[in-house]
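J.: So you can see what is in the structure, the chains are spelled out below.
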Amino acid sequence: MIAPDWFRDDRLPHIYCTGCGNGTIINCTLAGVEEMGWKRNETVFVSGIGCSSRAPGYILTDSLHTTHGRALAFATGVKMARPDLHVVVFTGDGDLAAIGGNHFIHACRRNVDMTVVCMNNHIYGMTGGQGSPTTPPGAISTTTPYGMSEPAFDLAELAVAAGANYVARWTSYHVKELTKAVVAGMQTPGLAFIEARTQCPTNYGRHNKLRSVPAMIEHLRSHAMLVQKRDRLVAEGKPIPEGTFTVGELVRRSRPAMGVQR
Amino acid sequence: MKLVIDESRCKGCNLCVLVCPYGIFREGTELNSRGIVAPVLDRPERCTNCRLQALYGRMLCGVCHMICPDQAISWVEEKPFEPHKVEVEF
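Just so you know, the protein sequences line up as chains A and B, in that order. Mapped onto the numbering used here, the consecutive letters of the first sequence carry residue numbers -16 to 245. Mapped onto the numbering used here, the consecutive letters of the second sequence carry residue numbers 62 to 151.
The set of hints was computed from the structure by calculation and includes no laboratory data. Some clues are possibly wrong.
On the chain B side, residues computed to face chain A include the following (Cβ under 10 Å) [said to hold, decoys possible]: (1) Leu76; (2) Ile128; (3) Pro130; (4) Ala133; (5) Glu148.
The model shown is predicted, which means the values in this text are computed figures rather than measured ones. We put the CB at the ideal spot given by N, CA and C, even for glycine.
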């Protein structure tokens, strides 16, 4: 349950398009914060530039709206200066994977104690639907009018390889699981990376025959495959269906973390 | 408790229609004053959270509340002696 007093009522309704999944991710993150019992004066939300990064503007806490791709760099600074604060980073796929990719892998390597929620909508939504590093192969965007020819970036696997302590991936359809993953990530010392695949009916679905919101959600739901099922298919030697992505908790470990208050 | 849709926030994406296990939300047909077709409630007293939230003391289902991207769905306390629509089923 999200406490309504976490929202800036004077700022709502927000600027997101009809059916945008980013509002759902804000709900899930705030439900996680509420479950953790964090106070408003000891929580900081940091974001970069993009649709997803409008999110802290609607939340009634101290927040930083920083330069494009540098949300994790600013968040590292906040955590180093004030290790008693809880830092949550909202970021998008263009923000985290494209321009901020280097900050991302080094934040994972350093294992800074914060929670990173990535709203991956497979496209640069705010600037008009250009192809991002996470646009799936074959998808049509304004910069890839004949279909994306490059392979997509798997952000969760990248975080696992770079050394984050907790990595999970869910979609905006799986609200309960996403809330549990956010809570587990907040409880884990070290960097917790939660990738939430969201729908973007306006700029992604419109070009890819998924114009309606239920169609886009159904596409996400039917292409999500649990990690356990993927592992079972691999063990049995069966082929993994084309176009699916794994959801679930990908890793939970206890590498030495940076910035944990003792 | 009573289920309400805040029409000043709803943008008419109909995600609640998709997720409600009871089918309480129905796609609306009429434009409201903001030019948005907001979903309508079909017998909202069937909602499990409306009936049993006070008994259990916690949120029971709440998927519509969580998935609503516009934070438009919430539960409010009813005023005392609020008129109810009674439907007799034969």
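J.: Give a verdict on every hint.
T.: So, going through the hints one by one against the coordinates:
1. Leu76: 6 Å, holds
2. Ile128: Holds, because the Cβ-Cβ distance from Ile128(B) to chain A comes to roughly 5 Å (cut-off 10 Å).
3. Pro130: It holds, given that the least Cβ distance between Pro130(B) and chain A is near 3 Å, below 10 Å.
4. Ala133: With a minimum Cβ separation of about 8 Å from chain A (threshold 10 Å), the hint on Ala133(B) holds.
5. Glu148: This interface hint is violated because 28 Å lies over the 10 Å limit.
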